[in-house]
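Chains as they are written, first to last, in the numbering used here: chain B, 7 to 434; chain G, 108 to 864.
No lab work stands behind these hints: they were computed from the structure.
Honestly, I wouldn't trust all of these hints.
[Unchecked claim] Quick list of in silico lysine-lysine cross-link-like pairs, BS3-like style, CA-CA up to 30 Å:
| hint | chain 1 | residue 1 | chain 2 | residue 2 |
| --- | --- | --- | --- | --- |
| 1 | G | Lys716 | G | Lys612 |
| 2 | G | Lys300 | G | Lys322 |
| 3 | G | Lys528 | B | Lys107 |
| 4 | B | Lys104 | B | Lys16 |
| 5 | B | Lys207 | G | Lys528 |
| 6 | B | Lys16 | B | Lys217 |
| 7 | G | Lys459 | G | Lys496 |
| 8 | B | Lys184 | B | Lys217 |
| 9 | G | Lys650 | G | Lys576 |
| 10 | G | Lys567 | B | Lys402 |
| 11 | B | Lys345 | G | Lys528 |
| 12 | G | Lys732 | G | Lys692 |
| 13 | G | Lys375 | G | Lys318 |
| 14 | B | Lys104 | B | Lys60 |
| 15 | G | Lys425 | G | Lys496 |
| 16 | G | Lys528 | G | Lys507 |
| 17 | B | Lys383 | G | Lys567 |
| 18 | B | Lys207 | G | Lys612 |
| 19 | G | Lys507 | G | Lys810 |
| 20 | G | Lys463 | G | Lys650 |
| 21 | G | Lys528 | G | Lys757 |
| 22 | G | Lys459 | B | Lys402 |
| 23 | G | Lys509 | G | Lys771 |
| 24 | B | Lys383 | G | Lys459 |
| 25 | B | Lys207 | G | Lys479 |
[Claimed, not checked] Beta-carbon label-pair distances, calculated as ranges:
| hint | chain 1 | residue 1 | chain 2 | residue 2 | range |
| --- | --- | --- | --- | --- | --- |
| 26 | B | Lys107 | G | Arg790 | 44 to 50 Å |
| 27 | G | Lys810 | B | Gly413 | 50 to 56 Å |
| 28 | G | Leu619 | B | Asp112 | 34 to 40 Å |
| 29 | G | Ser831 | B | Gly413 | 41 to 47 Å |
| 30 | B | Glu149 | G | Ser831 | 39 to 45 Å |
| 31 | G | Leu510 | B | Gly219 | 31 to 37 Å |
| 32 | G | Leu619 | B | Glu149 | 35 to 41 Å |
| 33 | B | Thr195 | G | Arg790 | 56 to 62 Å |
Where is the CB? At the ideal position from N, CA and C, for every residue including glycine.
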Amino acid sequence: MDGGGEDASKVIHVKFVTKLDSPFQVPSSSVVIPSNVTRLGLSSIVNSLLTLEKHEAFDFLIDGELIRMSLEQFLLAKGISAERTLEIEYIRAVAPRKEEKPSLHDDWVSAVDGSSSRFILTGCYDGLGRIWSSPESCTHILEGHSGAISSIAFVNSEGAENVTVATAAKDRTLRLFKVDTAESGDPTTRVGAYKILRGHKASVASVAAQKYGSKICSGSWDCTINLWDTDEATSELSVAGKRRKGNNQAEETQLEGEAESTFVGHTQCVSSVVWPEHDVIYSCSWDHSVRRWDVPTGKESLNLFCGKALNTVDVGGEGSALVAAGGSDPILRVWDPRKPGTSAPVFQFASHASWISACKWHKSSWFHLLSASYDGKIMLWDLRTAWPLSVIDTHKDKVLCADWWKGDSVVSGGADSNLRISSGISIS
Amino acid sequence: MTKKKSEAANEDQTRDTKKKSVSAVKSSQKEKPVLAKQVKSSKEEEDLLLDSATDSDYDGDSLSGSLNSDDFDSDVFDSEDDASQKETEGGDKDSSEDELELHGNEDSDDDDEGEQVDSENDEEDGSDEEREVAEESDSSEDEVAPRNTVGDVPLEWYKDEKHIGYDITGKKITKKEKQDKLDSFLANMDDSKNWRKIYDEYNDEEVELTKEESKLIRRMLKGEAPHADFDPYAPYVDWFKWDDAIHPLSSAPEPKRRFIPSKWEAKKVVKYVRAIRKGLIKFDKPEEEPNVYLLWGDDSASDQKSKHLTYIPPPKLKLPGHEESYNPSLEYIPTEEEKAAYELMYEEDRPKFIPKRFTSLRSIPAYENALKESFDRCLDLYLCPRVRKKRINIDPESLKPKLPSRKDLRPYPNSCYLEYKGHTGAVTSVSPDCSGQWIASGSADGSVRIWEVETGRCLKVWQFKEAVKCVAWNPLPDFPILAVAIGQDLVILNTELGTDEEQQKIEELLRLGTLPEQDEAVAAIVSWLPDETYGGIKIKHFKNISYVDWHPRGDYLSAVMSAGETRGVVIHQLSMHKTQRLPIKMRGLPVCTLFHPTHRGMFIIATKKNVRVFNLQKRELAIKKLETGLREISSMAIHPGGDNLIVGSKEGKMCWFDMDLSSKPYKTLKNHPKDITNVAFHRSYPLFASCSEDSTAYVFHGKVYSDLNENPLIVPLEILRGHSTSSNRGVLDCKFHPRQPWLFTAGADSVIKLYCH
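Take these sequences, add in the hints, and give me the full structure.
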């Protein structure tokens, strides 16, 4: 019984299955493979079975869990018998395959929104919002803010010719812009705000728009969440006479709006708000809590305590119910509020080295989310493994914002004043 | 019995009667010779008479001598006799006659029973006989003076002499010629009265007992009273007077309890019986342990030797093995290579004993190290007295104070995630604004910067010509202005971070219109000027400003000029554009000042040695003086509750004062090897920190209880490292985030770091 014999004896019968389409389907017969292969070995085996001309990276799932060690270790750790034929599902690896050219800004890129498939919105510390139809081609510049833009959001992105954009800035105001997407944008058109929303007493940290509605909400350093109406007509009626005094003559034509309602409850800066459903707003704050607000009543319906100051929150995943939040430590936490009686996070991802500045769920996948951190890295996560799927470290400084775009790209902005787009991420 | 009673009762009476008794005796003496005539020869009697008549003194002496040979009883008896004489005069003569008779009988009796009775007396004591005689013959008997006057000497002395003694005139009394034994026997047999004759050895004469005398003797032999008329069963006369006795004797009959067995004793016996049954009292001796011990065992524990106070057992040597044999087996003998290897070894590593082989005992040489080892041993004894080391068996863990675990005291700053980079010189001072959104910093490069805490972005820069010593953010949230100490100037900067209305207010405030008139003394040291470059106010002082502190209400601010000595602390009022000197007199060089967080008028000044608390409203001398015991104070901070103060010093010590408790430090923490540059309290979390030139910052848990009986709890939590030393300076300032448990540290390496929990 020498070592070689032992090695030969440790083989596993496996059967590769997939939900992928025809070029990536292998014959459904079982193959014998050595037990000590890793993900890379499995990937090369599948590639050899597929006989593709271009090498394709795959990820492998056994019983809904991604393999991140050798097959033998995995089976031992999970207590799966190696006697029977093992069914391994493979998916295309989630990793950016292409890095677009960076789009340079004049200052730090503090906000990005990729919810529209046609545009990317960026907010910048120079107080300007920008609309990018593709990398390196800025079609519109949204001007008017006197302070750095902290957050930017599409109000109604799809379908209509005119796109409404809301920006939140550190000058304590929010501004609403109407952008005519039909314009060629060559040269870059400058757009002024049609409406200024005043009411916050301190910097506005975050803005989120209602899905299929005309309202936006904003979180601010004055510890409140304000609800605003973006509708032109109603605002004109309500605050017809209000004009900004003094400084800027050009802005005199602008409308001004007041907060429709204010949610009070947070004790410190509300750093991020999301509006995933019609009547529900999630917010996170530096007072270490994530709260869920019921919009019609204005009452909070959930309060998750984290213990750390939180910078970002997003809701998504299975049934759009999981809450992911990151903040003043390198751990990305995911809560499941449907679980009764516990406020402990169900997942914790701790591969970052510094504060987490952004986290976003993938729009269509239940498992994938991204996180951006001050350590200059963007990490793609799958709930089915504790290791990051891939790390994007193209930024040279802190990453301040990141979002998914078109379902297969990651757009991010950071302190290196660049908007970077990593595309070719295949999420089935 | 009667005699004793009378003696006890009539002691005083005897004293009275003594004289009488003596006279009575004398009178009786006069009678006695007359009476003695009947027994003694007439010639002798005449002599006696003559003697007694002529020399009464002598007579009295002899009498007193006889009395003395008796004891006091006889004297008493005499007196009693006298008393009885008085009572019964008639019977007196009879009794004296009786006594006389007794004397005569006695003499004759002696001879008769010489061998039976007298032998005992003679052997024991020669004088016994006379004493008995004297005793028995009570009073009146001694009057018969013996013919022989030799006195109480053994008669053997005269055995070989011809005389037996001397008579009263000093003439020798010659011995009678002894009859031949046979003749005397025959004479005795013939004489029918012979059985009544007694030989008196002393007087050398024969005495014939009378009938009465023989009767008396007979009665005595029977054990009866000598006199026939003596009634032994006479009714008892109670002479004792019961009434007046101080300690009356009880005449009650014996109680019954004297005759019944004791209950207590029975109980005691039962107790013992039970104890025996239980086995508490053992009668069999414990078995003696065999007196054996382990010969080769460790004798350090042996009892016999450890009895001595300082007995230290010598170390046990290893027993010799086979290799120590003079002729060990071959396997013990090292080979040549091994021996060579030993030679190469260090002397300490070399084996102490290398086995050698000798064919016979004769060939074993003398032990080569004998001299050296005995010398070493002597050295050991001389230089290393063996002393028992007293090792205290204490778990070192138990000596640690019981402090709560660090885990339970979370959150506290422990890791650095954010850095604020941009300064080109050492950052000397930081100050976060009260919302925690921004932080201002001043640097040695002359710039003042405002940073966004969240992202680390520098929002604003002001450049000055001189190094910035201190920056302080106004504590009011709607009043975002900065006080900056640059050289001799205190500059009030508008940060332009407030809302429009706030900005208007600030601009109004910072516009210097007509200045109110200052005191002359104040005007000499301070002047208010507009700041042209940045549109604020510049307050020019006469000395370099080292420290600036705002009043919690945001209107007053104090500036410290260390070189200003007594004029070193001034208080500016921003709303009035006015400056006040301290109304109190100060001693020492001021280092830093603090406005009390809760009590409005209280003002705390730290000089180089001490900390004094003043009340500005009352203009008194110091309310309190805290004795730090530190060499040079560098900084201080006050707990938001207002009762606790920490003081950092340049020798790296930090003192915690509980100002309610005492003026001495409650605790002194010595952590930093170098100067402490600053100390800070957290506004809401129970945390405090110190930063030092050794480029570290320490974070402590400092909980102040609302219960006044409980002392503050101080637990060191974390050492924050990360700053690098630049031109021998480390961390120059530390401040807590106002709302989060985070700590900002400003380093001489021109970086500000934020340590988060």
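Now for the hints, and whether the structure bears them out:
1. Restraint check for Lys716 (chain G) and Lys612 (chain G): not satisfied, since their Cα atoms lie roughly 41 Å apart, outside the 30 Å limit.
2. Pair hint Lys300 (chain G) plus Lys322 (chain G) holds up; C-alpha atoms about 15 Å apart against a cutoff of 30 Å.
3. A threshold of 30 Å between alpha carbons decides the hint, and for Lys528 (chain G) with Lys107 (chain B) the separation of about 28 Å falls inside it, so the pair holds.
4. Distance hint between Lys104 (chain B) and Lys16 (chain B) is unfulfilled; the C-alpha atoms sit about 38 Å from each other, more than 30 Å.
5. For the suggested pair Lys207 (chain B) and Lys528 (chain G), the alpha carbons sit about 29 Å apart, so the restraint of at most 30 Å is met.
6. Restraint check for Lys16 (chain B) and Lys217 (chain B): not satisfied, since their Cα atoms lie roughly 54 Å apart, outside the 30 Å limit.
7. At roughly 28 Å between alpha-carbon atoms, Lys459 (chain G) and Lys496 (chain G) fall within 30 Å of each other, so this suggested pair holds.
8. For the hint pairing Lys184 (chain B) with Lys217 (chain B), the CA-to-CA distance comes to about 17 Å; that is within 30 Å, so the pair holds.
9. Note on Lys650 (chain G) and Lys576 (chain G): the hinted pairing holds, with a Cα-Cα distance of about 13 Å set against a maximum of 30 Å.
10. Distance check on the hinted pair: Lys567 (chain G) and Lys402 (chain B) sit about 23 Å apart at the alpha-carbon level, within 30 Å; holds.
11. With a C-alpha separation of about 43 Å, the suggested pair Lys345 (chain B) and Lys528 (chain G) falls outside the 30 Å cut-off, and the hint is violated.
12. Distance restraint check for Lys732 (chain G) and Lys692 (chain G): the Cα-Cα separation of roughly 14 Å lies within the 30 Å cut-off, and the hinted pair is therefore satisfied.
13. Between the alpha carbons of Lys375 (chain G) and Lys318 (chain G) the distance comes to roughly 66 Å, so the proposed pair goes past 30 Å and is violated.
14. Using a Cα cut-off of 30 Å, the hinted pair Lys104 (chain B) and Lys60 (chain B) holds, with the two alpha carbons roughly 15 Å apart.
15. Between the alpha carbons of Lys425 (chain G) and Lys496 (chain G) the distance comes to roughly 23 Å, so the proposed pair stays at or under 30 Å and holds.
16. Between Lys528 (chain G) and Lys507 (chain G), the direct Cα distance comes to roughly 41 Å. Violation of the 30 Å bound is thereby established for this hinted pair.
17. A hinted pair counts as satisfied when its Cα atoms are at most 30 Å apart, and Lys383 (chain B) with Lys567 (chain G) qualifies at roughly 27 Å.
18. For a cut-off of 30 Å, the pair hint linking Lys207 (chain B) to Lys612 (chain G) stands: about 15 Å separates their Cα positions.
19. Proximity of Lys507 (chain G) to Lys810 (chain G) is assessed by CA-CA distance (about 19 Å); at most 30 Å being required, the pair is judged to hold.
20. Between the alpha carbons of Lys463 (chain G) and Lys650 (chain G) the distance comes to roughly 90 Å, so the proposed pair goes past 30 Å and is violated.
21. The suggested pairing of Lys528 (chain G) with Lys757 (chain G) holds, with an alpha-carbon distance near 28 Å, which does not exceed 30 Å.
22. For the suggested pair Lys459 (chain G) and Lys402 (chain B), the alpha carbons sit about 68 Å apart, so the restraint of at most 30 Å is broken.
23. Of the pairs offered as hints, the one joining Lys509 (chain G) and Lys771 (chain G) holds, with about 23 Å between alpha carbons and a cut-off of 30 Å not exceeded.
24. Using a Cα cut-off of 30 Å, the hinted pair Lys383 (chain B) and Lys459 (chain G) is violated, with the two alpha carbons roughly 66 Å apart.
25. Note on Lys207 (chain B) and Lys479 (chain G): the hinted pairing is violated, with a Cα-Cα distance of about 94 Å set against a maximum of 30 Å.
26. The given range of 44 to 50 Å is respected by Lys107 (chain B) and Arg790 (chain G), whose C-beta atoms sit roughly 48 Å from each other.
27. Distance hint check for Lys810 (chain G) and Gly413 (chain B): the Cβ-Cβ separation is about 52 Å, which falls inside the suggested range of 50 to 56 Å.
28. Between Leu619 (chain G) and Asp112 (chain B) the beta carbon distance is about 37 Å. The supplied range of 34 to 40 Å therefore holds.
29. Range check, Ser831 (chain G) to Gly413 (chain B): Cβ separation about 46 Å, and the 41 to 47 Å hint holds.
30. One distance hint, 39 to 45 Å for the beta-carbon pair Glu149 (chain B) and Ser831 (chain G), holds here, with the actual separation near 43 Å.
31. Evaluation of the 31 to 37 Å hint for Leu510 (chain G) and Gly219 (chain B) yields a failure: the beta carbon distance comes to about 56 Å.
32. For the hinted restraint 35 to 41 Å between Leu619 (chain G) and Glu149 (chain B), the CB-CB distance of approximately 36 Å keeps it satisfied.
33. The hinted range of 56 to 62 Å is not satisfied by Thr195 (chain B) and Arg790 (chain G), whose Cβ atoms lie roughly 49 Å apart.
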